[in-house]
Structure formats: C-alpha cells, structure tokens
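Using the hints provided, position chain B relative to the given structure of chain A.
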Amino acid sequence: MSNSYLYLSILFCALATFLTRVLAFILFSKTGESPTLNYLKRHLPVMIMTILIFYGLSGSNLKATYAIPEVAAIMLSVLLHLKTKNALISIFTSTIFYMIMLQSLFA
Amino acid sequence: MKRIFLYTIPVLMGYLPLGIAYGILAVESGVPFTAAIFMSIIVFAGSGQFLAVSLLSAHAGYFEIAVSSFLLNLRHFFYGITIMDELKHFGLRKYYIIFGLTDETFALLKTWRGNGKNKESVYFKIALLDHLYWITGSIIGATMASTITFNSTGIEFALTILFVVLTIELLRQQKNYKTFFIAIVIGILSLIFIPPSKMLLTSLTAGIIVLFFMRGIINE
Numbered sequence: 001m002s003n004s005y006l007y008l009s010i011l012f013c014a015l016a017t018f019l020t021r022v023l024a025f026i027l028f029s030k031t032g033e034s035p036t037l038n039y040l041k042r043h044l045p046v047m048i049m050t051i052l053i054f055y056g057l058s059g060s061n062l063k064a065t066y067a068i069p070e071v072a073a074i075m076l077s078v079l080l081h082l083k084t085k086n087a088l089i090s091i092f093t094s095t096i097f098y099m100i101m102l103q104s105l106f107a
Numbered sequence: 001m002k003r004i005f006l007y008t009i010p011v012l013m014g015y016l017p018l019g020i021a022y023g024i025l026a027v028e029s030g031v032p033f034t035a036a037i038f039m040s041i042i043v044f045a046g047s048g049q050f051l052a053v054s055l056l057s058a059h060a061g062y063f064e065i066a067v068s069s070f071l072l073n074l075r076h077f078f079y080g081i082t083i084m085d086e087l088k089h090f091g092l093r094k095y096y097i098i099f100g101l102t103d104e105t106f107a108l109l110k111t112w113r114g115n116g117k118n119k120e121s122v123y124f125k126i127a128l129l130d131h132l133y134w135i136t137g138s139i140i141g142a143t144m145a146s147t148i149t150f151n152s153t154g155i156e157f158a159l160t161i162l163f164v165v166l167t168i169e170l171l172r173q174q175k176n177y178k179t180f181f182i183a184i185v186i187g188i189l190s191l192i193f194i195p196p197s198k199m200l201l202t203s204l205t206a207g208i209i210v211l212f213f214m215r216g217i218i219n220e
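Chains A and B, in that order, give the protein sequences.
Counting along the first sequence from 1, when you hit position 72 you're at 72 in my numbering, and nothing is skipped either side.
Counting along the second sequence from 1, when you hit position 104 you're at 104 in my numbering, and nothing is skipped either side.
Simulated from the structure, these hints should not be mistaken for laboratory data.
Be aware that one or more of the hints could be misleading.
[Claimed, not checked] Computed footprint of chain A on chain B; a stretch qualifies when at least three of its residues, placed anywhere within it, have a C-beta under 8 Å from a C-beta of chain A: (1) 18-30; (2) 41-48; (3) 91-105; (4) 147-156; (5) 170-181; (6) 190-198; (7) 205-216.
[Said to hold, decoys possible] Simulated pairs of lysine-lysine, DSS-like, Cα-Cα distance not exceeding 25 Å: (8) A:Lys-41 x B:Lys-175; (9) B:Lys-175 x A:Lys-83; (10) B:Lys-117 x A:Lys-41; (11) B:Lys-110 x A:Lys-85; (12) A:Lys-63 x B:Lys-198; (13) A:Lys-85 x B:Lys-178; (14) A:Lys-83 x B:Lys-178; (15) B:Lys-88 x A:Lys-41; (16) A:Lys-41 x B:Lys-178.
Computed from a predicted structure; not experimentally measured.
Using N, Cα and C, we set each Cβ at its ideal position, and we do this for glycine too.
Extracted from the complex, chain B is given alone in its bound form:
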C-alpha cells in the first residue's frame, strides 16, 4: 500500500489544488456545497466538472449538459481502447476502475511497473486514491468559498484558461495544427454569429461535421 501511495503522490499534488479550484468555482457560481461535493463523487472529471458548473449556472438543458460532457470527455474513450485488454479479465472492481479512468489515473495505470499477480487490486487502489484526492480537494475548496467572502468577479474565466492549457498539451503531443486552425475559425464564427445559449452544441456539431468532410485535407 505504501508503494502505491508513493506512486500516486504526483496526482495528489495535482488533484488537491485543482479540486480546491473546482470547489471554489462551484460554490462561487451558485452551486450548493453538497451538490458540488456530490458531483466530485459521482462524476470525477476535472475539466468536465468545470464545464458542468458553467452550464449549471447558465441553466443549460439536460440534453446540452449530457452531450457536452460526453464530447469533452470523449478522449477517455480512446484511453479505454488502449487499456481494455488489461482490464478485461478483472472482476467486479473493473467497473470502478473504468469509472475512475481520468487522464491522470490512466497515465498512472499505463506506467505502473509491477508484477502482474495482483494487478486488479493495485489498479483499484490507484483509482480509489486518486478519487479520494479529488474529493478532498473539492471539499477544501467548497469550504473555503463558503466561509471566506471575497470578490469573485471573473473567476469563471478559469474554465477558459483550463481549455487553453489542455489545448496546448494536445498540440504538443499530436502537432495537428491544421485541425487547431480550423477549430479557431469555427470558434470565432460561432462567437460572432450564434447566440451564447446555442453556441456550445452548434459549434461542437459543426466541428465534428467538418472533421468528417475535410478528412482528405486534414490527413495530408
């Protein structure tokens, strides 16, 4: 257990502050304390929860919330493909490991070097520890926001910055600048022409359609 804990410390260092940021943002955006923590327990997705808070405070519909959560986290589908052969023969704990397959947990599972005997139990503990770090961070953040009053105007911009950082990470790994520039054009056009309440679903749909139609050009 000690070895597993030490192995997850980098995620602890990341999830505590990010969870705190989420907790503060959620409560400052008007999400009640209990609901904010409940979300960290049953959703467990960093950027997904930041987006959900933004959608909740804009009173988005259920369909929009479900579709945008799905699309934002779709990269986890590709993690699943990469790791499914390993997990397939696990018992019931497999479902919890799949539930906890965040970017960070995935990275830890993929790089774990240990004997294969009790892999299921090791993977389960890694996912569980990461989940606990995330919940702890959220509780600290939500408590801070509930007890300390400060001028939080502009705090919702953390969401935009988070997406900027994630985009840079993706570009650094995949160097697919063509797609990036096409997405910028779609983004600017929808910012100008589509009302904010319809912007997210419309631009995401446009982006996916363009990806399919411009496959020849993008793949060159």
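So that you can see chain A by itself, here it is in the shape it has in the complex:
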C-alpha cells in the first residue's frame, strides 16, 4: 500500500461519508416529504446492508471450506443478536468463533 494511495483513499472515503450527512442540507431548504423519498428510506438501507453481507462473504475462500465456518458464524451471530440485542456481544463472539474454526478445523 503506497502512502499516496492510502491517504487519497481515506480522503475519498471521508468526502463520500460527509456527503451523505450534508446532502439533505444541500438538496432541501425545508423538510422534504415525497413518496419516492419515503420508499427509498424504507427499502434502500436493507437492500444495501444485505448485499454487503455477501460482499463480506466474497472475501472468504468459500470453496476451500465449503462455507461451513462462514454459515456457522453467521447463524451464531443471528441467534446471539436476536437473543441479546447487543451488537457488540454478537460481533465479538461470532468473529472469535469464526477465527477459532478457521485456524483449527480448516487450517
């Protein structure tokens, strides 16, 4: 990773993130309510977040593990999160569970 690539990337990430937060102030002078906006507000985040789960999976070598540790860790996180409703407990426990599986059973 070259320094210029690294810091330029972070800069683009920062600008894009700030844009999402300031966009409403740029686009609307007063609170905008439209059916299209409400539709997107309700459906776009779930669409994007669910697809990102699969993007995350694309980083794993699913063929080598038959997706067993991946599916098991995701199932654990769903169970934990439905039960505890605590994002941190779900993320930490499931990631450590995944790491242990990958480093022992699938090493």
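Okay, now just chain B, sitting in the frame of chain A:
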C-alpha cells in the same frame, strides 16, 4: 458539561469496544497505525471504516471506495432530512455536527430533552464527545494490534458479522422482508457469477435498479 457527559455514556460503552475492534482490524489488515487513526479522525463512521479497511487491503480503486462509502452511509442522508430543521439556524458549529452525524450521535440528538436556548453548544459537545470516544477506541485497538502478535486469520470476517447485525436491526425496525429476500437473491447470484473485484459495485447497482423497477411489487 457533566450532564452531557453522563448522557453520552451509552455511546462511550459502544464506541470504545467497536473502535478497538476497528483499530485491531485495520492494523492486522495492513493499514499503518497513523493512517488508521487518521481515518477515525476524518471519516468517523463505524461500519464505513470497517468496509474501507476491507477495500484498502483489496487495493480497490478510488471510485469504488467513494461510491461504496457513499451507499453504505446513505442512511445518514435520511437522518439529515429528519434533523435539518433543528440545525438550520445554528452557526458554524453546524458543519461539525453534520460531519459527526453517526447513527449513535443522531439517536442522542433526537432524544435530547433540554431547554432550547444553548442547543447548538449542547449538540456540538455531544458530537465532539462521541468523536473522541471513537478516536480513543481506535488508538487503543491499533496500539494493541501493533504491540501484541497473535494469529489474526479470519479476523476480517468481523465485517460480514457487522453487516448481519445491522441488517437484523433494520429488519426489526422496518419489517421489509420482501426487499431483504430480493437482496439475498442478488447477493447469491453475484457471489456465484461476478468476480470478487467487481462484485461490490455490480451488486449494489443491481440492487438499486431492482428497487426502482419492482417498486409496485415491493410496495404492496
């Protein structure tokens, strides 16, 4: 100030461990210590930074990094709509508050019950404290990863789990299971047919197009 600090403690309890996790993940993924902290200072987005680390270690292009950061954080646009009337009359500190409009800060600002007189200063301090918790967590995590050596194989899966948890949260609030199932189909298809380097942008674009074309079905 004491009242504001006490009010932000729940975010402190969340941002410290999550910041630590981010710091560890960033350094273990090959992002240098300084760059990891710099990101927490100028980006300030939990899941956004997890994703950025993953994209950086995959040497993604600038365009891909910008577009995916934008789409992942697009929910903040809707926060902006909800809170803009309150912030509109603030002075210069407004821009910092907008910059710091994470999920957690937004939740705190929306539920703050105090007299309206010095709201700008209160909001500014809440955003600033949350930002400091996030940076502190990142520094602790990045320091831990730089000093302790351990087998970090598989740690990048925290990103996937984070998205699973965020999806559950969204589904719980909005109960839009139809969209969820359509997204699963898109996700599986792109996992099978699209090479990993092109997968993110392609599937996100497909998802947005499908949302527009299937509006009649989804909205039923």
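To see whether the hints hold, each was checked on the structure:
Figure legend: the segment 18-30 of chain B, annotated as covered by chain A; annotation consistent (3 residues with Cβ-Cβ distances under 8 Å, at least 3 required). Only residues whose beta carbon comes within less than 8 Å of a beta carbon in chain A count, and the segment 41-48 of chain B has 5; three or more means the coverage holds. Figure legend: the segment 91-105 of chain B, annotated as covered by chain A; annotation consistent (4 residues with Cβ-Cβ distances under 8 Å, at least 3 required). Remark: the segment 147-156 of chain B is confirmed as covered by chain A, as 6 of its residues place a Cβ nearer than 8 Å to a Cβ of that chain, reaching the required three.
Counting residues of the segment 170-181 of chain B whose CB lies closer than 8 Å to any CB of chain A gives 6, so the stated coverage by that chain holds, three being the minimum. Remark: the segment 190-198 of chain B is confirmed as covered by chain A, as 3 of its residues place a Cβ nearer than 8 Å to a Cβ of that chain, reaching the required three. Beta-carbon proximity to chain A at under 8 Å applies to 5 residues in the segment 205-216 of chain B; the threshold of 3 is reached and the given coverage holds. Among the hinted pairs, A:Lys-41 with B:Lys-175 is consistent with the structure: their alpha-carbon atoms are about 13 Å apart, no more than 25 Å.
For the given pair, B:Lys-175 sits about 18 Å from A:Lys-83 by alpha-carbon distance, which is consistent with the 25 Å threshold. Proposed proximity of B:Lys-117 and A:Lys-41 is contradicted: the alpha carbons are some 31 Å apart, above 25 Å. For the hint linking B:Lys-110 to A:Lys-85, the alpha-carbon distance of about 21 Å falls within 25 Å, and the restraint holds. Straight-line distance between C-alpha atoms of A:Lys-63 and B:Lys-198 comes to about 19 Å, which keeps the hinted pair within the 25 Å bound.
A distance of roughly 23 Å separates the Cα atoms of A:Lys-85 and B:Lys-178; the hinted pair therefore holds under the 25 Å criterion. For the suggested pair A:Lys-83 and B:Lys-178, the alpha carbons sit about 23 Å apart, so the restraint of at most 25 Å is met. This hinted pair checks out: B:Lys-88 and A:Lys-41 have alpha carbons roughly 21 Å apart, not beyond 25 Å. At most 25 Å may separate the alpha-carbon atoms for a hinted pair to count; A:Lys-41 and B:Lys-178 meet this at roughly 15 Å.
The earlier numbered hint that this structure contradicts is number 10, and it is the only one.
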